[in-house]
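Per this note's numbering, the very first residue in the sequence shown carries number 1; after that it's consecutive.
Don't read these hints as lab results, they were simulated from the structure.
Just to be clear, a hint being listed does not mean it is correct.
[Said to hold, decoys possible] Within a straight-line C-alpha distance of at most 30 Å, the following computed DSBU-like cross-link-like pairs (lysine-lysine) qualify:
no., residue 1, residue 2
1, Lys50, Lys63
2, Lys126, Lys63
3, Lys63, Lys121
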Amino acid sequence: MNTEQNDTLPWVSTTRLLAVGSLLALILLGLAWELYLAPLRPGGSWLALKVLPLCLPLAGLLKNRMYTYRWVSLLVWLYFTEAVVRAASDRPPSSHLALLEAALCLTLFVACVLHVRLRLKASHRKN
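Work out the full structure, taking the sequences as your base and the hints as a guide.
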């Protein structure tokens, strides 16, 4: 293994941990937001079900499947859009939670894109 490839591998692990961590944080934030912190209705909201699509890629990210990283980087933009709209239209604390959701979405996107890029770079160096 050459030196450049050794330098890339720790970053692959870091981006994987960042992607999984930000996805888990998005799931937990979505549940806490809609059930306890600032639900649309007192006692919780059915809007908590919005986190279900985020649960689907969790297994693929944990199994380190490249395809999952690619489609999660597209899926996350739906949640980012919701976050921006709610940050602009909702009142605190919901608007603050929306800003946190937007930050987590950006983190997840960057982690997925970097992970794919670094893994492809490392696989091309092997050949």
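message: Need the status of pair Lys126, Lys63: alpha-carbon distance at most 30 Å?
response: Holds. Lys126 to Lys63 sits at ~21 Å (cutoff 30 Å).
30 Å limit on alpha-carbon distance, applied to hinted pair Lys50 and Lys63: Holds, because 23 Å separates the two Cα atoms, which is no more than 30 Å.
message: Holds or violated: Lys63 and Lys121, Cα atoms, limit 30 Å.
response: OK: Lys63 and Lys121 at ~20 Å, within 30 Å.
Consistency with the previously given hints is maintained throughout, with no hint failing.
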